[in-house]
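A.B. asks: Below, each chain spelled out in residue letters.
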Amino acid sequence: MDGENNLSVIKLKNILLVTVPDDPGDDIIQELQTKVLHAIEKYQSKGLILDISSVNILDSFFARTISETTQMVALMGGQTVIAGMQPSVAITATELGLHLGKAISTLDVDRALDIFTDNFKLV
Amino acid sequence: MNHSHSKYLSNFKNWAEQKRFLDFTEKDVEFLKKLHPFAIEYADSFVDQLYEHLLQFPDTKRFLSDEKTLNRLKLAQKAYFMDLTSGEYGEEYYQSRIKVGIAHQRIGLPPRVYMSTYCYYMQLIIPKIYGNPMFDVETANGVFLALHKIINLDQELAISSYIHAIDEVISRQTEEILEMSTPVIQIWDGVVAAPIIGMLDSGRTQQFMERLLEAIVETNSPVALIDITGVPQIDTATAQHLIDTINAVKLLGSQVIITGVRPVIAQTLVHLGIDLSGIITRPTMASGLKVALDKLNIKVMDNPRA
Amino acid sequence: MAIEETGENPIKNEGDIVTCRKLIRNVATTAGFGMTDVTRIVTAVSELARNVYVHAGSDGVMRWQLLYQPGKIGIQLVFEDYGKGIPDIDQAIEAGFTTAGTMGMGLSGVKRLMDEMHIQSELGIGTTITVAKWGRAK
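Residue numbers (my numbering), protein chains in the order written: chain V, 1 to 123; chain E, 1001 to 1306; chain B, 2001 to 2138.
A portion of the hints provided could be inaccurate.
[Stated by the list, open to error] Think about it this way: if two alpha-carbon atoms lie no more than 20 angstroms apart in a straight line, the pair counts; the simulated SDA-like pairs of lysine to any residue are:
1. B:LYS2072 x E:ASN1014
2. B:LYS2072 x E:LEU1054
3. E:LYS1074 x E:LEU1054
4. B:LYS2111 x V:HIS99
5. B:LYS2012 x V:ASP26
Simulated from the structure, these hints should not be mistaken for laboratory data.
Work the whole structure out from these sequences, hints included.
C.D. replies: Below is the structure:
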C-alpha cells in the first residue's frame, strides 16, 4: 500500500481538515493519527475535522483509532469532529457496539465548521 | 432475526438427505427402470385417460381452456410420467420437479388436483405392475414400493415450493405493511419526524433505522423527532431498539427527540429501570417540535392580524 | 435455482484485510444485497479477517460462497486459521471480551451483524469461523 500519497492534512486557519479515503487500511488509519498529531503540534490547531463522508466501512480497529486520536488531540488542546458519516456505516457501527469516544459528530463539513465558529469562536 | 431463507424450500443437498430418510436406494432405482418400458408403452394412453378425467370437472377444466394449451400440457405430462421411471434422479430431475410446483402455484392450480393426479396415475399403472407376466410377486411389490417412494419425493418437492411461494407473499406483504406504518416526514427545514405505530421488534427496527437515517442525511436535518404515541406498550427490548436508533442518529451528527411519551409509557419506563435521562423526551409531538425549533434558533410568531 | 459461486482469498498480511473487504464488497453488491447489508457483511469480514491475521500470524484463508434461492440471496463466509485456537468459545463471543487489545466487540458484534455464526476451534490446531447473511433478492 502506498499510503503515503493517500492522505493530506489540510490546514484551514486554526483547524485541520482530513478527508478519509473510502476503504482505509490499518496502515492508512495509523498514518492518519501520526500525521494529524504532528500537524497539530506544528500549527497549534484548535480543532480537527475528519471528513468521513466517503468512508464505507468502520470496523472496531478504525473506531478505536478515532476514539484514541480524539483523546490525543484533546491532550494537545484540540476538539475532534467527525463529519458526514453514511447511514449504513452508522447503523453497522451501532449494531457492532462501536463508539467514537469524545468525538462530536456532524452531518457534514459545513456544520462541523459551524461548531468551531459558534462554540469555540476559532475560525 | 431470520428474515431470510424459507424453511420450506429444500435445496438439492437436503433432497439427497430426504432420499436417505425415505430409504430410496439403488435397488429402488433398478425396480423403477424395470417399469420404464411399460411406462413408455402406455404413456400416451395414460395421459389421454387422465385428461379425459380432468375435463369432466369444471374445477380442472378451466385450466384446459383451448386445444393448444391442452396439447402442450399433455406433452409435458407425458414427459413427466416418463421421467418418473427413467432411473435418473439427479439434480436435473430435482430442478424439474421444483419448477412444476412453482408453475402450478403461479397459475393457481390447487395442490389437491396435483396430488390426485398421482393417485389417478397409480390407478392406471398398478394393473400394469401386478398384471405383468414379466414380474413375479416379489418384483411387482418392489416396483410398486419404489414407485410409491419416488412419487412421495416428487410430492414433497412440489408441496414445499407451493408453501415457499405463499411464504414469499406473506413476507413481502409484511414488509410493505411495515414500510407503510413508519413514514419519515420532513416537517420543517432541518427537522424530520417519524411516528411509530405498533410494536418495535428487531426486524422492524433495522428497517426503521435505515429509513430514518437516510431521511436525516437526505434532508440534512440536525433534529429528528421519533413519536411513540402509537406504540401500545414498551418493554426492555423495544427501549433498547430505540436507544440503538438514537445512538446511530447521534453518529450521523443529528439529535433525536422522543415525543408522545404518554403517562403509561413513562410509568413503564421507570418501573423497568430504563434510563433515558440523556435523551430529550416530550409528551406530545407539538412540544417536541418546539424544542427542535429552539435548537435550530427558529422563532415562530403569531400573526398579529389573525 | 441453486446457482452457487465460490472463491477464496488468503489472509497472510495486514494488507489482505483490505483485499478481503474489497473482494466481498464486490461480491455482495453484485449479488444484490442492499447497501446496509453490504456494509454489515464487509464490516464482519474486516473483524474476522483481522482476527485471523492477529491470532494466526501468517497463515489463514477466507472462503466465500454465494447462494441464490428464489427471492433470496445468501452469502456464507468461512475464516480458517491454523493458530493456537480459542480455549473458551462462549467467553470469546461475550461482549467486551478481548485478547487482542481491540474494543472487545469483535465476535459478539459480528454475531449481531450476521444471521448465522458458527465457531469451531481446537487448541493448537486452529479455528474455523463460519458466518452467513441472508437478504431479499432485488
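A.B. asks: Does each hint hold? Answer for all of them.
C.D. replies: Now for the hints, and whether the structure bears them out:
no. : hint                  : result
1   : B:LYS2072 x E:ASN1014 : holds, 17 angstroms
2   : B:LYS2072 x E:LEU1054 : violated, 35 angstroms
3   : E:LYS1074 x E:LEU1054 : holds, 12 angstroms
4   : B:LYS2111 x V:HIS99   : holds, 17 angstroms
5   : B:LYS2012 x V:ASP26   : holds, 14 angstroms
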